[in-house]
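A.B. asks: If you read the sequences in order, they're chains A and P. When the letters of the first sequence are read in order and numbered with our numbering, they come out as residues 49 to 475. When the letters of the second sequence are read in order and numbered with our numbering, they come out as residues 49 to 475.
Where hints are given, some of them may not hold.
Unchecked claim - Computed from the model, here is a short list of chain A residues facing chain P with C-beta under 7 Å:
id: 1; residue: A91
id: 2; residue: V93
id: 3; residue: S104
id: 4; residue: S105
id: 5; residue: N152
id: 6; residue: Y155
id: 7; residue: S159
id: 8; residue: D188
id: 9; residue: I193
id: 10; residue: G311
id: 11; residue: T335
id: 12; residue: G337
id: 13; residue: K340
id: 14; residue: F366
id: 15; residue: P369
id: 16; residue: I373
Derived from the structure by calculation, the hints contain no laboratory data. Where is the CB? At the ideal position from N, CA and C, for every residue including glycine.
Number of protein chains: 2
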Amino acid sequence: MKPYKEWDREQLMQEYDRLRAEYEKAKASGLSLDMSRGKPSAAQVEISRGLLDVLSSTSDLTENGLDCCNYGYLEGIPEAKELIADIVQVEPENVIIYGNSSLNIMYDQISRSYTHGVMGHTPWCRQDKIKFLCPVPGYDRHFAITEWFGIEMINIPLYDDGPDMDMVESYVNTDPAVKGIWCVPKYSNPTGTSYSDETVLRMAALEPAAEDFRLYWDNAYNVHHLYDDRQDEILEILQCCKEAGHPDMAYKFFSTSKITFPGSGIAALVSSEANLADVRRQLKIQTIGHDKLNMLRHVRFFRDEVGVREHMKKHAAFLRPKFEIVLSTLEREIEGLEIGTWIRPRGGYFISFNSLPGCAKKIVARSKEAGLVLTGAGATYPYGKDPEDSNIRIAPSYPTEEELIQAMQVFVLSVKLVSIEKILALD
Amino acid sequence: MKPYKEWDREQLMQEYDRLRAEYEKAKASGLSLDMSRGKPSAAQVEISRGLLDVLSSTSDLTENGLDCCNYGYLEGIPEAKELIADIVQVEPENVIIYGNSSLNIMYDQISRSYTHGVMGHTPWCRQDKIKFLCPVPGYDRHFAITEWFGIEMINIPLYDDGPDMDMVESYVNTDPAVKGIWCVPKYSNPTGTSYSDETVLRMAALEPAAEDFRLYWDNAYNVHHLYDDRQDEILEILQCCKEAGHPDMAYKFFSTSKITFPGSGIAALVSSEANLADVRRQLKIQTIGHDKLNMLRHVRFFRDEVGVREHMKKHAAFLRPKFEIVLSTLEREIEGLEIGTWIRPRGGYFISFNSLPGCAKKIVARSKEAGLVLTGAGATYPYGKDPEDSNIRIAPSYPTEEELIQAMQVFVLSVKLVSIEKILALD
Numbered sequence: 049m050k051p052y053k054e055w056d057r058e059q060l061m062q063e064y065d066r067l068r069a070e071y072e073k074a075k076a077s078g079l080s081l082d083m084s085r086g087k088p089s090a091a092q093v094e095i096s097r098g099l100l101d102v103l104s105s106t107s108d109l110t111e112n113g114l115d116c117c118n119y120g121y122l123e124g125i126p127e128a129k130e131l132i133a134d135i136v137q138v139e140p141e142n143v144i145i146y147g148n149s150s151l152n153i154m155y156d157q158i159s160r161s162y163t164h165g166v167m168g169h170t171p172w173c174r175q176d177k178i179k180f181l182c183p184v185p186g187y188d189r190h191f192a193i194t195e196w197f198g199i200e201m202i203n204i205p206l207y208d209d210g211p212d213m214d215m216v217e218s219y220v221n222t223d224p225a226v227k228g229i230w231c232v233p234k235y236s237n238p239t240g241t242s243y244s245d246e247t248v249l250r251m252a253a254l255e256p257a258a259e260d261f262r263l264y265w266d267n268a269y270n271v272h273h274l275y276d277d278r279q280d281e282i283l284e285i286l287q288c289c290k291e292a293g294h295p296d297m298a299y300k301f302f303s304t305s306k307i308t309f310p311g312s313g314i315a316a317l318v319s320s321e322a323n324l325a326d327v328r329r330q331l332k333i334q335t336i337g338h339d340k341l342n343m344l345r346h347v348r349f350f351r352d353e354v355g356v357r358e359h360m361k362k363h364a365a366f367l368r369p370k371f372e373i374v375l376s377t378l379e380r381e382i383e384g385l386e387i388g389t390w391i392r393p394r395g396g397y398f399i400s401f402n403s404l405p406g407c408a409k410k411i412v413a414r415s416k417e418a419g420l421v422l423t424g425a426g427a428t429y430p431y432g433k434d435p436e437d438s439n440i441r442i443a444p445s446y447p448t449e450e451e452l453i454q455a456m457q458v459f460v461l462s463v464k465l466v467s468i469e470k471i472l473a474l475d
Numbered sequence: 049m050k051p052y053k054e055w056d057r058e059q060l061m062q063e064y065d066r067l068r069a070e071y072e073k074a075k076a077s078g079l080s081l082d083m084s085r086g087k088p089s090a091a092q093v094e095i096s097r098g099l100l101d102v103l104s105s106t107s108d109l110t111e112n113g114l115d116c117c118n119y120g121y122l123e124g125i126p127e128a129k130e131l132i133a134d135i136v137q138v139e140p141e142n143v144i145i146y147g148n149s150s151l152n153i154m155y156d157q158i159s160r161s162y163t164h165g166v167m168g169h170t171p172w173c174r175q176d177k178i179k180f181l182c183p184v185p186g187y188d189r190h191f192a193i194t195e196w197f198g199i200e201m202i203n204i205p206l207y208d209d210g211p212d213m214d215m216v217e218s219y220v221n222t223d224p225a226v227k228g229i230w231c232v233p234k235y236s237n238p239t240g241t242s243y244s245d246e247t248v249l250r251m252a253a254l255e256p257a258a259e260d261f262r263l264y265w266d267n268a269y270n271v272h273h274l275y276d277d278r279q280d281e282i283l284e285i286l287q288c289c290k291e292a293g294h295p296d297m298a299y300k301f302f303s304t305s306k307i308t309f310p311g312s313g314i315a316a317l318v319s320s321e322a323n324l325a326d327v328r329r330q331l332k333i334q335t336i337g338h339d340k341l342n343m344l345r346h347v348r349f350f351r352d353e354v355g356v357r358e359h360m361k362k363h364a365a366f367l368r369p370k371f372e373i374v375l376s377t378l379e380r381e382i383e384g385l386e387i388g389t390w391i392r393p394r395g396g397y398f399i400s401f402n403s404l405p406g407c408a409k410k411i412v413a414r415s416k417e418a419g420l421v422l423t424g425a426g427a428t429y430p431y432g433k434d435p436e437d438s439n440i441r442i443a444p445s446y447p448t449e450e451e452l453i454q455a456m457q458v459f460v461l462s463v464k465l466v467s468i469e470k471i472l473a474l475d
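This is chain A alone, in the form it adopts within the complex:
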């Protein structure tokens, strides 16, 4: 297809009218679909139902003699630590198991740093200004946490191989107010890209001006591959940091929310022993411990890391065709028109679409008008402000394939209409 901008005005007007009619038809079909979050579909969630049979009233509720149905084991049961450690490629002593939400763990890290400081350093609430680097586009809930604590967020461009490391180095290594960077190193939310080895090594080799600087390493999509034969793998950050002489520079976050039941999984903080010792001081004040029966359920359901990988293949079987629907629709309908770009991810939950500058909000609004709710434009940027108004996060997991085909129809119509309006300066 020829780029729209090369079409003559009349052709484009005709195309616009044709698309407009199609759009009105689609709108009239009464679509009502929420694709705003990276939520597994109902059918997909079903594959974890076996987890509910693992424990019954006749089960042994001890594991190596440890009673999982009474108080104790503040940091989680050893078997759960082992399982998570294997998945995230560290040692069990680097793991503390929490409740069901890794987001909550991230919140806790920031909150504790704010109230009590990191490993003896001045609490952030007693420091003048705290800044975080935010690779963009990124995860809205990360940005929401730092915004909630009044932390100044600095946009860092995210490329196919990771954040702009020149920029990261120049901020981190010179400005003591920069205390952290939000990273989704693998199958990034929303771009689906993964950090290259060079990026990870440069992260580990940072020489922060602030001693309480940490990498906030969100391993949300660690085992969330779409394909058997094409998978991203990244270097293990704790090990890299250790080798670079910064053993305490990373907090790694993990949860099974998109492995078993969203909201009913187990989550973990993964870090150096010194960092975990710092965390324990708070943990023992904060809680009597997390749900050990749910840990036991997960341990017995998966047995080991191989069990998790096998389970993830079942998820992929649901997700792969949906990603293909989105990608093939974009290729068929948008490719060549030069009104948008996107990446073909090998894992994760999202496809990131970049429209012509200044069009994202309008595309999302246009889609909504026809019954398709997308993640709000701008949500992938700190403060909800995409300076280009270009990035849109597509979350294909929740709808059925039939709904998704319909949804993508609405989406590409919206993209085309808004793009033509921009090119023709119609609005």
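Fit chain P to the known structure of chain A by using the hints.
C.D. replies: Chain P in isolation, oriented as in the chain A frame:
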């Protein structure tokens, strides 16, 4: 028995030698028992095993159409709110269901007040000094939270009908630095006493100098009666506060940790709609929501508040004889000697023993020497400092009855030995 202090010196020396021999014998028997926490016994926990059969892979995981095995319902499922609301005598809109730990909810309230303030008021970290009133003896984990945040704790004597309300009023109504009071209004930890109606009404009628003052009302033992025929009931605090013109003055905390499985239950924050609106601002940043499948399990296991009450009778059947062992041993061995006082609670998990002043630490140490670990002396006071060194928390729930008989033997021997040492000024 005649009070020890009225015995002549020689009698007392003889008694001491006799007790000493008995103690050495007990010590040689090799007892090794941890009675430091209010932990249900292994057999007692078994009664909740049915909870593990409620959900299986073939269960309907929706409740009134709401999907409990996917993301969503940040505040918990409506049915769980209804169940908890009925138990704690409020409306469902006054309830937010959290994870497994009410302690964690309390931590969150303090932490959020510290970082973001209460309903628009200046965050505590930006105020000069924050103070909390601490009825004593009280719960060590409450005091640990306030100490962690550098909050000055002020001891308030706890009487049989509640805290010294004259003192509470004089602090709260005049000092704007006083932001809260830790209350365990029913079957208090550790005294087992409950607040009288007058105490609750005076609490609700406080006119705090600080607008961000709140009652931190820990309903830990709300349904934890020991007897069918003798039960404490207290006035519902939210309603009392509302009627007194202070609808937002109380945060109430609840969990099922000592109802179903300790550490694998559900917990709730109960408060006015305005307070909950304030909490929600944080909650949506902090987490994607708590474990709804565990909420569903609890809802279906109990069906309603009556189900909970019936279940609690089974707990009482385990606890009652243990309380009786402690109380009858104290009555048989200590009564009349004037070396200690205690209260006969109708519920809860503890019996609070007050030794002669200056003896508690020694009694605990003496017990430990013979293999019996008690809650550390002083733990029931802020900063671990019992000014009288007199209060000891006895937690009879965990040991078997046989172990408890042995343990109480060690305990009364320790009490007697240390008391005679004090009276004779032997040490």
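A.B. asks: So, for every hint listed, does it hold in this structure?
C.D. replies: Okay, the hints, checked on the actual structure:
The closest approach between the C-beta of A:A91 and any C-beta of chain P is roughly 11 Å, which is over the 7 Å cut-off, so the hint fails. The interface hint given for A:V93 is met, as the beta carbon of that residue sits about 5 Å from the closest beta carbon of chain P, less than 7 Å. A hinted interface residue such as A:S104 counts as satisfied when its beta carbon comes closer than 7 Å to some beta carbon of chain P; here the least separation is about 5 Å, so the hint holds. With a least beta-carbon distance of about 4 Å to chain P, the hint placing A:S105 at the interface is held under the 7 Å criterion.
The restraint placing A:N152 at the interface with chain P holds, with a minimum CB-CB distance near 4 Å, inside the 7 Å limit. With a least beta-carbon distance of about 5 Å to chain P, the hint placing A:Y155 at the interface is held under the 7 Å criterion. Look at A:S159: its Cβ gets to within about 6 Å of chain P, closer than 7 Å, so that hint holds up. Interface restraint check for A:D188: the shortest CB-CB distance to chain P comes to about 11 Å, outside 7 Å, so the restraint is violated.
Of the supplied interface hints, the one on A:I193 holds, with its beta-carbon coming within about 6 Å of a beta-carbon of chain P, less than 7 Å. Checking A:G311 against chain P by beta carbon gives a least distance of about 5 Å; that is within 7 Å, so the hint holds. Interface restraint check: A:T335 against chain P, minimum CB-CB distance 4 Å, threshold 7 Å, status holds. For A:G337, the interface hint holds, the least distance from its beta-carbon to any beta-carbon of chain P being 5 Å, beneath 7 Å.
At a threshold of 7 Å, the smallest CB-CB gap from A:K340 to chain P is about 6 Å, leaving the interface hint in force. Proximity of A:F366 to chain P is violated relative to the hint, the smallest CB-CB distance being about 13 Å (cut-off 7 Å). Taking 7 Å as the C-beta contact cut-off toward chain P, the hint placing A:P369 at the interface is violated, the least distance being around 20 Å. Proximity of A:I373 to chain P is violated relative to the hint, the smallest CB-CB distance being about 21 Å (cut-off 7 Å).
Violated hints, listed in ascending order, are 1, 8, 14, 15 and 16; each of the other numbered hints is respected by the structure.
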